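Construct the complete structure from the given sequences, taking the supplied hints into account.
Counted the way the working numbering counts, the sequence shown spans residues 14 to 449.
Worth double-checking, as some hints may not be accurate.
Pairs of lysine-lysine residues, derived as DSS-like cross-links and limited to a Cα-Cα distance of at most 27 Å, are as follows [unchecked claim]:
| id | residue 1 | residue 2 |
| --- | --- | --- |
| 1 | Lys209 | Lys227 |
| 2 | Lys74 | Lys209 |
| 3 | Lys220 | Lys246 |
| 4 | Lys202 | Lys222 |
| 5 | Lys141 | Lys227 |
| 6 | Lys209 | Lys220 |
| 7 | Lys246 | Lys227 |
| 8 | Lys220 | Lys202 |
| 9 | Lys220 | Lys331 |
| 10 | Lys222 | Lys209 |
| 11 | Lys246 | Lys141 |
| 12 | Lys227 | Lys202 |
The set of hints was computed from the structure by calculation and includes no laboratory data. For clarity, every value in this text was computed on a predicted model and none was experimentally measured.
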Amino acid sequence: MEGIVARAVSNSSSLFAVGASYFTGSQNIFGIAQCTQDLSTTDCGRCLNISVSQLPCCDTKQGGRVIKPSCIVRFEILNFFGPEAIIPALPPAPPPPPPPAPITAPPNTITAPPNTNTTNGQGKKSSKNNVIIIVVSTVIVVVLLLLSMITICFYLPRKKGIHIVQDVDEIRSVESLQFDFGTIRNATKDFCDSNKLGEGGFGPVYKGKLFDGKEIAVKRLSRNSGQGVYEFKNEVLLLAKLQHRNLVRLLDAQMNPKISDFGTARLFVVDQTQGITGRIVGTYGYMAPEYAMRGQFSVKSDVFSFGVLVLEIITGQKNNSFFDSERAEYLLSYAWRQWEDGIALELIDPTLGERYSRNEVMICIHIGLLCVQKEVARRPTMASVVLMLNSYSVTLPLPTAPAWTTEEHGGNINNSSQSILPQSINEALMTELYPR
Numbered sequence: 014m015e016g017i018v019a020r021a022v023s024n025s026s027s028l029f030a031v032g033a034s035y036f037t038g039s040q041n042i043f044g045i046a047q048c049t050q051d052l053s054t055t056d057c058g059r060c061l062n063i064s065v066s067q068l069p070c071c072d073t074k075q076g077g078r079v080i081k082p083s084c085i086v087r088f089e090i091l092n093f094f095g096p097e098a099i100i101p102a103l104p105p106a107p108p109p110p111p112p113p114a115p116i117t118a119p120p121n122t123i124t125a126p127p128n129t130n131t132t133n134g135q136g137k138k139s140s141k142n143n144v145i146i147i148v149v150s151t152v153i154v155v156v157l158l159l160l161s162m163i164t165i166c167f168y169l170p171r172k173k174g175i176h177i178v179q180d181v182d183e184i185r186s187v188e189s190l191q192f193d194f195g196t197i198r199n200a201t202k203d204f205c206d207s208n209k210l211g212e213g214g215f216g217p218v219y220k221g222k223l224f225d226g227k228e229i230a231v232k233r234l235s236r237n238s239g240q241g242v243y244e245f246k247n248e249v250l251l252l253a254k255l256q257h258r259n260l261v262r263l264l265d266a267q268m269n270p271k272i273s274d275f276g277t278a279r280l281f282v283v284d285q286t287q288g289i290t291g292r293i294v295g296t297y298g299y300m301a302p303e304y305a306m307r308g309q310f311s312v313k314s315d316v317f318s319f320g321v322l323v324l325e326i327i328t329g330q331k332n333n334s335f336f337d338s339e340r341a342e343y344l345l346s347y348a349w350r351q352w353e354d355g356i357a358l359e360l361i362d363p364t365l366g367e368r369y370s371r372n373e374v375m376i377c378i379h380i381g382l383l384c385v386q387k388e389v390a391r392r393p394t395m396a397s398v399v400l401m402l403n404s405y406s407v408t409l410p411l412p413t414a415p416a417w418t419t420e421e422h423g424g425n426i427n428n429s430s431q432s433i434l435p436q437s438i439n440e441a442l443m444t445e446l447y448p449r
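Put into structure tokens, the structure is as follows:
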């Protein structure tokens, strides 16, 4: 190979040389050395010599090649470039042993071996494989470029139209923009008073019917509303997200479904259970005292509101409209006084008559008073409330005075002779008879 490299370097016009030599008495070896035309003879010689020095990696092989970006060297025991190579004259090989007939070769030239056509076919097959690889690679690259262009042309413009949420407390969604004003106006008959369902902190709420017969509720923001556009938008967007089969539909006095006020609702981040806000909005009478007075809210704030709702259901009275003029008491104070005096069953809505379980009603009153306690830490969690409602074996703790109560009634729950609380109501056995 060194001789072939020397001839390739000396051939400055093509930087190419081939050659062949005797390997054994019956076997020849063929070689090639070539550089790219952009190299000088010095660089070509350096590149080829480095490649030749790496050929020992192919020892014991029938051929080998070292391919570099600017040069290549190759040897094979088959004639892979044709019968043109000239083999320099060498001393005749030693005679073979007597039994086999000696095989001699011409002294100056090498005749192509019988399998020349086979080697040429292999060379053509190798070239064909290279062409196939190049074509397939080109097709794959073109397809990837086309896919990239399609993605850039169609996906990015749509993505730019999506508003990225920067504030975790605000939810933006196109679901709230499904109806235009004309559709809503026609559905409510131009906001007719006969379709008015009520009025809240934002403004009046109207009943409407779409063209497909679906009934909707429309809340119209009033200019004189004490709450702003932020709370109104927050309520609409949050309600659009709250569509779940486990959400209970609340009923009004006519047993018509309605949804409570979500104007003050907000989403907590993971593991967050409390916070402080400067925007104190909501319905007075249902807001926990720490939230209404100091803006502090937590999961216990909703527990307080739940307790008020429980007492309202039992008494059949609204917290905001109930007022005992003789004692200047509201619903929570009144319920607490009745509990301390041991006459909590007098809180029950008289329209129920005797169609209720006294034990279950007492448990509900007990849970309602636990939820509206003034001290936040004493209020149970909603998980505890669910457990209390579903189990009769759980011993309930004694409630303390609720928030927003008057201190006119100074009776002590432990000293009252009429109190039924020294023994837990869960330990009292009651048998109720029902007709067959």
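Outcome of the hint check:
Distance restraint check for Lys209 and Lys227: the Cα-Cα separation of roughly 17 Å lies within the 27 Å cut-off, and the hinted pair is therefore satisfied. In summary, the hint linking Lys74 to Lys209 is not supported, as the alpha carbons are separated by about 96 Å, beyond the 27 Å threshold. Restraint check for Lys220 and Lys246: the C-alpha separation of about 19 Å stays at or below 27 Å, so the hint holds. Distance hint between Lys202 and Lys222 is fulfilled; the C-alpha atoms sit about 9 Å from each other, no more than 27 Å.
Restraint check for Lys141 and Lys227: not satisfied, since their Cα atoms lie roughly 70 Å apart, outside the 27 Å limit. Simply put, Lys209 and Lys220 have alpha-carbon atoms about 6 Å apart, close enough for the 27 Å limit, and the pair holds. With a C-alpha separation of about 23 Å, the suggested pair Lys246 and Lys227 falls inside the 27 Å cut-off, and the hint holds. Proposed proximity of Lys220 and Lys202 is supported: the alpha carbons are some 9 Å apart, at most 27 Å.
Straight-line distance between C-alpha atoms of Lys220 and Lys331 comes to about 23 Å, which keeps the hinted pair within the 27 Å bound. Taken as a hint, the Lys222 and Lys209 pair is honoured in the structure, with Cα atoms around 13 Å apart against an allowance of 27 Å. Simply put, Lys246 and Lys141 have alpha-carbon atoms about 68 Å apart, too far for the 27 Å limit, and the pair is violated. Annotation: proposed proximity of Lys227 to Lys202 holds, straight-line Cα distance about 14 Å (limit 27 Å).
Violated hints for the displayed structure, listed by number in ascending order: 2, 5, 11.
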